[in-house]
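A.B. asks: Letter by letter, the chains look like this.
4 protein chains.
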Amino acid sequence: MTKFSQEIEVSGHLIDSSILTKIFDKIMDLHGEFQVEEINIGKKKKDPSYARLLVTGKNQKHLDEILETIHREGAVSKIQKGILLKKSPKDMVMPDDFYSTTNNHTQVFHNEKWIQVENMMMDKCIVIKDNRAFCVPIRDVKKGDEIIVGEGGIKITPPERPREGVNVFEFMGSSSSSERPTQHIAKKVAEDIYKTKKSEGKIIIVGGPAIVHTGAADAVADLIKLGFIDGVLAGNALAVHDIEYATLGTSLGMNVHDATLAYRGHRNHMETINAVFRAGSIANMVKTKKLTRGIMYQCVKNKIPFVLAGSIRDDGPLPDVITDVAEAQREYKKMLKDANMVIMISTMLHSIATGNMLPANVKVIVVDINQPTVTKLMDRGTWQALGIVTDVGAFLPMVVQQIKKQKR
Amino acid sequence: MTKFSQEIEVSGHLIDSSILTKIFDKIMDLHGEFQVEEINIGKKKKDPSYARLLVTGKNQKHLDEILETIHREGAVSKIQKGILLKKSPKDMVMPDDFYSTTNNHTQVFHNEKWIQVENMMMDKCIVIKDNRAFCVPIRDVKKGDEIIVGEGGIKITPPERPREGVNVFEFMGSSSSSERPTQHIAKKVAEDIYKTKKSEGKIIIVGGPAIVHTGAADAVADLIKLGFIDGVLAGNALAVHDIEYATLGTSLGMNVHDATLAYRGHRNHMETINAVFRAGSIANMVKTKKLTRGIMYQCVKNKIPFVLAGSIRDDGPLPDVITDVAEAQREYKKMLKDANMVIMISTMLHSIATGNMLPANVKVIVVDINQPTVTKLMDRGTWQALGIVTDVGAFLPMVVQQIKKQKR
Amino acid sequence: MTKFSQEIEVSGHLIDSSILTKIFDKIMDLHGEFQVEEINIGKKKKDPSYARLLVTGKNQKHLDEILETIHREGAVSKIQKGILLKKSPKDMVMPDDFYSTTNNHTQVFHNEKWIQVENMMMDKCIVIKDNRAFCVPIRDVKKGDEIIVGEGGIKITPPERPREGVNVFEFMGSSSSSERPTQHIAKKVAEDIYKTKKSEGKIIIVGGPAIVHTGAADAVADLIKLGFIDGVLAGNALAVHDIEYATLGTSLGMNVHDATLAYRGHRNHMETINAVFRAGSIANMVKTKKLTRGIMYQCVKNKIPFVLAGSIRDDGPLPDVITDVAEAQREYKKMLKDANMVIMISTMLHSIATGNMLPANVKVIVVDINQPTVTKLMDRGTWQALGIVTDVGAFLPMVVQQIKKQKR
Amino acid sequence: MTKFSQEIEVSGHLIDSSILTKIFDKIMDLHGEFQVEEINIGKKKKDPSYARLLVTGKNQKHLDEILETIHREGAVSKIQKGILLKKSPKDMVMPDDFYSTTNNHTQVFHNEKWIQVENMMMDKCIVIKDNRAFCVPIRDVKKGDEIIVGEGGIKITPPERPREGVNVFEFMGSSSSSERPTQHIAKKVAEDIYKTKKSEGKIIIVGGPAIVHTGAADAVADLIKLGFIDGVLAGNALAVHDIEYATLGTSLGMNVHDATLAYRGHRNHMETINAVFRAGSIANMVKTKKLTRGIMYQCVKNKIPFVLAGSIRDDGPLPDVITDVAEAQREYKKMLKDANMVIMISTMLHSIATGNMLPANVKVIVVDINQPTVTKLMDRGTWQALGIVTDVGAFLPMVVQQIKKQKR
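In order, the protein sequence lines correspond to chains Y, E, P and S. Numbering of the first sequence is given in the working numbering, commencing with residue 1 and proceeding in unit increments. Numbering of the second sequence is given in the working numbering, commencing with residue 1 and proceeding in unit increments. Numbering of the third sequence is given in the working numbering, commencing with residue 1 and proceeding in unit increments. Numbering of the fourth sequence is given in the working numbering, commencing with residue 1 and proceeding in unit increments.
There's no promise every hint is true.
No copy labels: a pair is met if it fits in one copy or bridges any two.
[As the list claims (entries may be wrong)] List time: in silico DSSO-like cross-link candidates among lysine-lysine, alpha-carbon distance up to 30 Å:
| # | residue 1 | residue 2 |
| --- | --- | --- |
| 1 | K90 | K26 |
| 2 | K129 | K90 |
| 3 | K289 | K113 |
| 4 | K303 | K142 |
| 5 | K129 | K290 |
| 6 | K90 | K78 |
| 7 | K333 | K61 |
| 8 | K290 | K142 |
| 9 | K87 | K195 |
| 10 | K290 | K155 |
| 11 | K81 | K129 |
| 12 | K333 | K26 |
| 13 | K87 | K290 |
| 14 | K303 | K290 |
| 15 | K61 | K289 |
| 16 | K290 | K90 |
| 17 | K113 | K333 |
| 18 | K142 | K333 |
| 19 | K142 | K113 |
| 20 | K290 | K78 |
| 21 | K81 | K301 |
Rather than coming from a laboratory, the hints here were simulated on the basis of the structure.
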């Protein structure tokens, strides 16, 4: 086994700049092994630390992969090899396997000496000339330039984190991004839901009315019908819009199937509220066959509990809505007890409310088109949340399609 | 063909307020026909215009559809029919086909007279009692109330567009924008507040907790102290954060004066809630000198009423919070009665709630750093709002500085 | 008083396209006076209307101000003066007081005839040559060109608003919104593309790299392969990311199919750029079978022209990129000539650039997850754009799926 | 000294879940001292680690502060004290100094045993009953409930980070927030600029045209005039808008001082471009006294170099603009050499371009009202950036005001 192992060293503020954390991370991400052979943590806060690890891969290629990856985080092989150089084949072309730079302070081991790379920038190559090393953009590469290839002989020093004292640079938290492959994420979320359910997990949906506006109500109703959802937490608006859509085909007067405005559609919102009041409750509407489809219908029919919390902006609100928020909180908490996964869709109000009630180990997925909504939830302490910035009307149907594939 | 035609009249600033445009639009959208039988455009800009159209539908139902639609834009049938009334079948239930209100000035033709609907709001019904007409929310409908059904006998007057003279309300384009000269807008808003107050206008603030996080609490407290504000509508969070800041100097544990985290600051939020519970109420905290500054303090001291509406995400909530949202809505409405100007700051929930309660002629200013928040409010019908996309923490102190200059 | 008055005429769909509204507005904004001397509203909806107004200013300068302003809204002086011309003093310099264009259909009165301005774009000047009128950008002005100065002799025809029939371009309200039924909108956009192509229309795509990050590259490549696209306008990043994805399966080092980070993936971006430099061009990569799929491949294979405009943030940039932006603008304009539909996807830079080059009657669809991007484009004058706030990675695959259904 | 020290222990995945990092951080943030007395890092990745530290404060109060803070991160005092309990004085009131919960797994040391707190949620108190511990919200507290006070006897277990294998929960990066005290941040940025300059640092501004639209051009011009800026990197638009504002008082035709539209203001943008072409260059406009104020003027007058990079969306572009982007990149890089601080204002294009050219140790401040702009820059590798989500038009004048105060 020894032949696929190598010793590496790393020094600096290993712990407080998270350097060791990142190196351990990378090794594990690549399914490698490591042993801590020696570690000296600076006894006082200004002392640098030192660690020596034995890194092991499944084979030489695997080990090389791991080593090259952790080199970028500051690890240095105990037996230092020099850099390899190759000539540029023509102007503005780099040799195969050229070393692509980071923007960190970088040294290269050349002629038995460490030399510092000048003019450091990211995504460039390194040219060696007269025992000096230069960071060079592709358009400035000249035929014959000596360019570093591979990852050997390179030492990167990650920047120390700024420390102590009030610093305006400390305001960084965690976030989410809209620049991810959406179809893949939909598949992953589908898998997560599927697996959680298969292992008898409890899944709760927290949803806002944009589910209906964006045409995703059928997807959510399907999820409930298929047995993946154990409870729905929402407000008055989701229920009203869902029932308007289920009974009249519109959402706030707009025909959801073709986005035209319905004749007298402005009435439909209030018409719906009136219909529920006339029936006495949503369950009664289902019993009397006035409500035969949609999210609320599937809840009633499949005996999936729901809690509708009142808010100051409610129209109506429906008789099913708990208008006292202290009481509504109690019901929310009951529903969330022992939940394994909570999916929050397009509602900042109910998402933050729910986030406050959850222990940190519950999986939370937040889906919203508005990035600040997702950020705010995380800022308020629900930092375990996975934020997905996407269009609910396009994303949820994808998730349901994927779940149906899993089922087969 | 004549039997499916009807003459309608419309008068007012038909052209410069786009009333005729909208009526023509609606007829064409519904595939109806029209002939302009008479049109008198005011010769000078202050003269009202008059038009008489013959509107034709494919059949009676089609014609009725068209007529009802254009009634909402201000058209009035030449031969005026009275309103139809139907009794409410039970408490909180409106009869079928009830007329659902807009937020425009509305008159109804009853007993051969036009009477003006009182307390106008959108998405409500109209109750007739003792020859008076009232706009009534569903929860306040009593069994036996006489409620208008259908669209006959109703005359709507769309608001005139404001004209001439530099007015902060003229910045409205297709939407709100962050690309405007901020200092100038702050000055204009300051002037607007100053003038509204000078002419004895009623100004209400609707605010969220970001006022405190962004360091604008002192500015708002100043506005109240200086006598510009007649009421504060908010939720639990604004009050809790304001009192945390006033008593402990922090907002969610962060020292507002230097953005550092306070020692044991995580407790301060709950510590504050406990302090109010111990005192029994915010007013008692002021009375016992536990609370000596800030927004809530200035309200209590200057006898400016406030309403705190509960929400599902509240911590506590404070004893002053109205946890029943239906009750809170009633108190919000009382506060908003006869308001001339409403300033909504960093709170989508309370802003939309308030927007729904306001007639279209009340000046509304919405300040938020998040453009979609501003857009959503307008999309929901509060189209008269002036949206200002800015950083509340920088903008409000500017406004207050400008108002103080005006005062001198 | 008469000497500071002038009669103007205006005709067309004065009321339903709000032309008269805008003219009245402008006069009042400038504190002018007007009298309606004659008005004929088309008796039926297809009949054009005509109005003659007497416009009065405080003095000649004031009157001129008013007249020039309302000329831009379609008003024409009764006694028509010809245009005034002045020679350009040197290359790339326009004479003082040159007329600056709108993007509306424009005619000029020259040698007692109305001639139509060719190649209409906004913010340019008009050059007269051989009794023809050309809209010319400043960089193309040659010394001695005859350029229109002042506002006399110019007639603008504001676009008629599109009317009747369900059209995806009717969704426009005060702005764009994320609260629309996404699946339906995808279907409508698909229909629009399909119909435009069926009637031999020219469709141009303007795209940014998020197409690749979000996993929508296959959808765009499909659209090209299926023959719906007549040209691609982009920058360096789209091409680099597309080729990285096509050759290495990653986008900035992230495997697009499962969102994991590729081993040594950080190199892939620069590796891709180097590969294109080595081949000499994208077309050469296709010829030598190094590039066998993706957006750029489909362009080359199907002989669909593309223009890649350089920008200051480019890595590389690729040899195919036009690094001189003035030259790139010329190529963009050539591509856009006679386009019937332009689809802008996730790129503010290229979308605004393209928007500036388009006449107001070209259909424009803007797709972006970030609402301010969409708003900014409209604010900059491309008000005819349909803004769709959605997740490109979910939306484009839906559109392509719908188009394939249409095809069958 | 020993009496103000205490030994603490911590165990678990200390390094890969960053627990040790956070404990070191907190001690240093509070200006405490520590010595690592013993550390055992798990030799293999599944082995837990253990550390024993000696923590030292300046006095007992200081030490207690530190201990209580690190308890929340999982540290446990070697000599374990039991919890302290106090009775609730009345319903819905907690005793002073009650322990306020986190949402992490929590145990309490009571009657010589560790018991686990049930129903864990954040921001609640803990009630002990029948040797069980419950997390209880304030409204459910009953008079006489035994509630934990102080921080002793409590052990928190921070959650392990999820590890290994593709997990959709890994997408979290760094970000910025709009919920910070703006005035304080303005002061900090001012201090940072002031200190950097005082120590002869090089400060570069990267700016977009929104500086002018939002009325912040005077602030930036002031900064240059006062000698704080060593170079300006921008595009065509900033220069054109600045000169339009400096010469005509408008920005895209809008009067910046009062936000009204200027008469014939639509021409001003092109008029400005023409004026620069006529003069031949910006420097010539200054020389011939056509340009006497603003950002570009101050650059020329104070010999502060600027580089204007062309882009595909430029009008003109001005003769000073480098239209070849490869050349512009070279000039940008020259300007950025040895910069100590780069302030990026309202321009995604130039900010990302500049970010790519900077080594990781340069201070970067990004100011934009649009959060995704800030996030994108960080996502692209400029992770050292401080993102400030604010309104440039309000923020920059504040910064300049603060700098002027520093100067005195």
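A.B. asks: Give a verdict on every hint.
C.D. replies: Here is how each hint holds up against the structure:
| no. | hint | result |
| --- | --- | --- |
| 1 | K90 x K26 | neither (36 Å within a copy, 53 Å between copies) |
| 2 | K129 x K90 | within (17 Å within a copy, 48 Å between copies) |
| 3 | K289 x K113 | neither (58 Å within a copy, 43 Å between copies) |
| 4 | K303 x K142 | neither (34 Å within a copy, 33 Å between copies) |
| 5 | K129 x K290 | neither (49 Å within a copy, 32 Å between copies) |
| 6 | K90 x K78 | neither (35 Å within a copy, 66 Å between copies) |
| 7 | K333 x K61 | neither (38 Å within a copy, 38 Å between copies) |
| 8 | K290 x K142 | between (45 Å within a copy, 24 Å between copies) |
| 9 | K87 x K195 | neither (45 Å within a copy, 45 Å between copies) |
| 10 | K290 x K155 | neither (55 Å within a copy, 33 Å between copies) |
| 11 | K81 x K129 | within (19 Å within a copy, 65 Å between copies) |
| 12 | K333 x K26 | neither (33 Å within a copy, 32 Å between copies) |
| 13 | K87 x K290 | between (53 Å within a copy, 23 Å between copies) |
| 14 | K303 x K290 | within (18 Å within a copy, 50 Å between copies) |
| 15 | K61 x K289 | between (66 Å within a copy, 28 Å between copies) |
| 16 | K290 x K90 | between (49 Å within a copy, 19 Å between copies) |
| 17 | K113 x K333 | both (29 Å within a copy, 28 Å between copies) |
| 18 | K142 x K333 | both (19 Å within a copy, 19 Å between copies) |
| 19 | K142 x K113 | within (25 Å within a copy, 60 Å between copies) |
| 20 | K290 x K78 | neither (66 Å within a copy, 39 Å between copies) |
| 21 | K81 x K301 | neither (54 Å within a copy, 46 Å between copies) |
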